[in-house]
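In order, the protein sequence lines correspond to chains A and B. Heads up, the first sequence is in numbering that gives the first Met the number 0, so the first residue is 0 and it goes up one at a time. Heads up, the second sequence is in numbering that gives the first Met the number 0, so the first residue is 0 and it goes up one at a time.
A portion of the hints provided could be inaccurate.
Said to hold, decoys possible - Label pairs and their computed distance ranges (CB to CB): (1) Val81/B to Phe156/A: 20 to 30 Å; (2) Ser74/B to Pro173/A: 51 to 61 Å; (3) Val63/A to Glu82/B: 26 to 36 Å; (4) Pro14/B to Ile199/A: 14 to 24 Å; (5) Asn85/B to Gln135/A: 26 to 36 Å.
None of these hints come from the bench; they were simulated from the model. All of these numbers come straight from a predicted model, not from anything done at the bench. Cβ coordinates follow ideal geometry from the N, Cα and C atoms, glycine included.
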Amino acid sequence: MGATSAPSLYLDPQIRDWVLFPITVVMILVGILRHYVVLLLQTPPKKLPRAAIREQRALMQSNVLRATSANSPIPFTLYKSISQNLSKAFVDGKYLKDGPPKGDAPSTPPNPLTDPQAMDGMMAGMKTQMVMMVPQMVIMGWINFFFEGFVLIKLPFPLTLGFKSMLQRGIQTPDMDVRWVSSLSWYFLNFFGLNGLYRIILGGDNAADAAQNMAASPFAAAGAPQPGQPQDYNKLFKAECDNLEFSEGLHKWVGEDVETRILRKYGRIAP
Amino acid sequence: MSGAPDDAVQRIFGPNLLHNNNLLYNVKFISACFSGAVAGVLGLENTLGFALFALSTLFTTSILHFVNFRGRSKSYVQGGIVEVLNPGQENVFSFILVWTLFYGIVHVYD
Numbered sequence: 000m001g002a003t004s005a006p007s008l009y010l011d012p013q014i015r016d017w018v019l020f021p022i023t024v025v026m027i028l029v030g031i032l033r034h035y036v037v038l039l040l041q042t043p044p045k046k047l048p049r050a051a052i053r054e055q056r057a058l059m060q061s062n063v064l065r066a067t068s069a070n071s072p073i074p075f076t077l078y079k080s081i082s083q084n085l086s087k088a089f090v091d092g093k094y095l096k097d098g099p100p101k102g103d104a105p106s107t108p109p110n111p112l113t114d115p116q117a118m119d120g121m122m123a124g125m126k127t128q129m130v131m132m133v134p135q136m137v138i139m140g141w142i143n144f145f146f147e148g149f150v151l152i153k154l155p156f157p158l159t160l161g162f163k164s165m166l167q168r169g170i171q172t173p174d175m176d177v178r179w180v181s182s183l184s185w186y187f188l189n190f191f192g193l194n195g196l197y198r199i200i201l202g203g204d205n206a207a208d209a210a211q212n213m214a215a216s217p218f219a220a221a222g223a224p225q226p227g228q229p230q231d232y233n234k235l236f237k238a239e240c241d242n243l244e245f246s247e248g249l250h251k252w253v254g255e256d257v258e259t260r261i262l263r264k265y266g267r268i269a270p
Numbered sequence: 000m001s002g003a004p005d006d007a008v009q010r011i012f013g014p015n016l017l018h019n020n021n022l023l024y025n026v027k028f029i030s031a032c033f034s035g036a037v038a039g040v041l042g043l044e045n046t047l048g049f050a051l052f053a054l055s056t057l058f059t060t061s062i063l064h065f066v067n068f069r070g071r072s073k074s075y076v077q078g079g080i081v082e083v084l085n086p087g088q089e090n091v092f093s094f095i096l097v098w099t100l101f102y103g104i105v106h107v108y109d
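Sequences are here, hints too, so could you generate the full structure?
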């Protein structure tokens, strides 16, 4: 059993049948299970009252208006009237969720811990994290318990000695080639390699995707506020007024001088 | 009418773009799996295996570019042909996974 690279080890085919395939199959199935569990655990988004929705959408409306101002499909009078309307509403605080700011009470942004909507968002993120982490831990424990102490497979590519302790855990042979690895390393290979499969089976944004969850988890766990929610809408509205005015200056209707352009195009007047 | 980059971005239709990207990702994943199977069955080791992966990526890219995109990758994928060439960060792992699997089945086990 101490052979290094030239004579290869002979492995029992039963290892292949009873370890290799089952680990892969279990991981695929658990991934699919995780996706559906997350789907079932999702609470439907709470219906916001009309005032709150209006507050959120007013900014979007003004952004959409401004986005095409340089090449605008609406003529200047219409554009100006919408823009002025929005500006006035922003300044008056008409669109704010709780009505215009009363007197000179200092307007503070809602605290993320007490604002119930932000809490729901964070809870949903944390629930997804738990559902992701728990099966991973369970499977790792299962593999370590049942499939320990033997060599599973030979990697087709070489690795440095540093990986030996991680990939050959439980096998006490100090000079066996690092390419012979234990079951845990097969778990890691599967963990990284099955994401593409999940994407094909479960469609685009599935909850089983490890890479997306790992990227999202530092931010969700730190409780970063979701964009737009705990922000102070009053201040945002005031800033938006300035933007609207700026875009008004930029406005250019696509139909301006359209008569002249058509005549020129068909050669009726000199270019 | 307007060639400014902002306007060009505004004209892109979201669902079509998403569909294209998903399709591209799926194609790359499946080609990574098949090339992994080929590398494993052939018993390729070390650099030869990765060379096969690079070769298969090039082959897939050229087929996509010349047949599917009719030579104009820029119209179908944001970022043009360089984006099509990129095998996707997770597909390397999928390649290694399938490569190891088939290598083990064919060459290691009796």
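Verification of the supplied hints:
1. Val81/B to Phe156/A: 20 to 30 Å: 27 Å, holds
2. Ser74/B to Pro173/A: 51 to 61 Å: 58 Å, holds
3. Val63/A to Glu82/B: 26 to 36 Å: Given range 26 to 36 Å: holds, Cβ gap about 28 Å.
4. Pro14/B to Ile199/A: 14 to 24 Å: 19 Å, holds
5. Asn85/B to Gln135/A: 26 to 36 Å: The hinted range 26 to 36 Å holds for Asn85/B and Gln135/A, with Cβ atoms some 28 Å apart.
Violated hints for the displayed structure: none, as all numbered hints are satisfied.
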